[in-house]
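K.L.:
Construct the entire structure; sequences and hints are all you get.
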Amino acid sequence: MDGDSVKLIGFWASPPVLRVKWALALKGIEYQYVEEDLSNKSDMLLNYNPVYKKVPVLVHQGKPLAESLLILEYIDETWKQNPLLPHSPYERAHARFWSKFVDDKCVPTVIAAFSKGGEEQQKAAEEARENLKMLEVGLEGKRFFGGDKIGFVDIAIGWLPYWIGIVEEIVGMNLIDADSMPKLNSWFHAFLDIPIIKECMPPHDKLLNHTKAFLQVLTSSSSP
Amino acid sequence: MSKANNVILFGFGVSPFCGRVKVALAEKGVSYEEREEDLCGGKSEQLLKYNPIYQKVPVLLHDGKPVLESSIIVTYIDEVWPSNPLLPNCAYERAKARFWTDYIDKKVFDTARGIWLSKGGEEQEVAKKDFIEILKQLEEALGEKDFFGGDSFGYVDVIAIPLTTWFSACEKFGGFKVEDHCPKISAWTKRCFQRPTVVKSLPDPENVYQFTIQFRKMHGL
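Those sequence lines, one after another, are chains A and B.
If you're matching positions, the first sequence starts at 1 in UniProt numbering and goes up one per residue.
If you're matching positions, the second sequence starts at 1 in UniProt numbering and goes up one per residue.
Treat the hints with care, since some could be wrong.
[Said to hold, decoys possible] Partial list, derived from the structure: chain B residues whose beta carbon lies under 8 Å from chain A: (1) Y76; (2) V80; (3) D102.
If you're looking for bench data, these hints aren't it; they were derived computationally from the structure.
None of these values were measured; they are calculated from a predicted model.
C-beta atoms are modelled at their ideal positions from N, C-alpha and C, and glycine is treated no differently.
P.N.:
Here you go:
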């Protein structure tokens with residue numbers, strides 16, 4: 001039975017774990033969730049992901065998988081209901097491209113924008129805004145990246161504006177706003193409005209406090 | 001060979017990322033037009049138009065529509081021309097193939113650059129140590145199989161084999177031999193180079209070495 005054979009090892013505040021939770025929820029897959037203490041990683045996690053020792057790890061019928069974007073592809077191929085990736089190879093290539101773009105380009109520049117100081121921060125913030133603005137190309141006049149319904153890209157990148165909003169509160173800097181990125185802003189609000197998406201999100205205040213601590217570590221390790 | 005399907009590859013001779021796409025197209029028997037970009041002199045308007053975000057090669061243009069990022073392009077090729085499949089059938093094995101592709105992409109080329117584009121000294125020694133550890137990890141993934149794909153040449157083999165054309169430059173600048181540390185990787189490399197599709201698609205390691213010499217000069221090394 002699916003419920004017995006799907007296990008997700010995660011951490012409540014982790015965006016890559018959230019991606020997998022969304023995918024499992026959208027497909028209606030029952031699973032056992034195991035919360036990992038990242039400051040004291042379990043033997044189970046180290047056995048299942050010896051290369052990176054990170055969450056998420058999806059274990060299906062005893063076989064472990066790591067790296068959230070490829071876990072999403074595995075989920076989509078194994079459980080065919082509510083497909084996440086589009087049908088055509090060209091559209092699929094696009095979906096993979098935008099998901100990778102967020103991880104490779106947006107995330108590092110957003111982190112730099114929030115963790116650096118002075119002039120470096122201004123420069124990083126500008127770069128982050130440019131990268132985020134580019135995401136509007138991927139939306140191409142659609143309601144969601146997946147079209148009328150959410151799809152692979154939406155659940156791959158939907159966490160980012162939420163996290164950015166949290167950090168904007170802490171740092172007092174604005175990266176996404178309705179004026180400069182109207183399409184991205186609309187998409188973000190429409191995405192978060194979806195009940196199944198909202199249900200999986202970590203609580204706002206808990207995440208705010210956790211992120212404050214995380215940012216402190218980041219800024220103290222990047223200062224001279 | 002299937003008839004040319006209006007397939008154009010914007011590439012650069014020694015690029016291992018372009019090499020992947022060439023090997024994939026050759027494995028599928030797809031004819032294509034190659035457009036060599038002058039990455040050092042000035043990128044073409046077409047490249048900048050089709051890849052405005054990264055402005056990099058490879059770009060595959062199929063019936064006028066661009067596909068970007070080498071591993072995404074290889075997957076696209078596998079999906080559009082499904083004969084002689086590169087990815088395995090089983091979803092779990094496919095996920096493993098994607099995992100090792102992602103690992104290779106994160107680690108191999110950048111670490112290698114730390115060897116061939118280095119002044120030497122401590123920095124280069126660290127890069128060498130990391131590089132050998134990465135290759136040993138890949139040896140573990142290969143295990144006793146002939147190819148990463150198992151009995152047959154597959155997706156991860158396509159992704160990884162072009163990078164080996166840069167090993168000679170690393171060995172010469174770093175003063176080591178991959179074969180001494182990772183004999184299985186060396187054996188796998190030789191096995192892959194028995195395939196005509198690989199041989200005709202990839203540059204001579206000597207040409208790659210000459211390129212690194214020129215590139216180093218451009219960077220004052």
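K.L.:
Report the numbers of all earlier hints that the structure fails to satisfy, in ascending order.
P.N.:
Result: no hint breaks.
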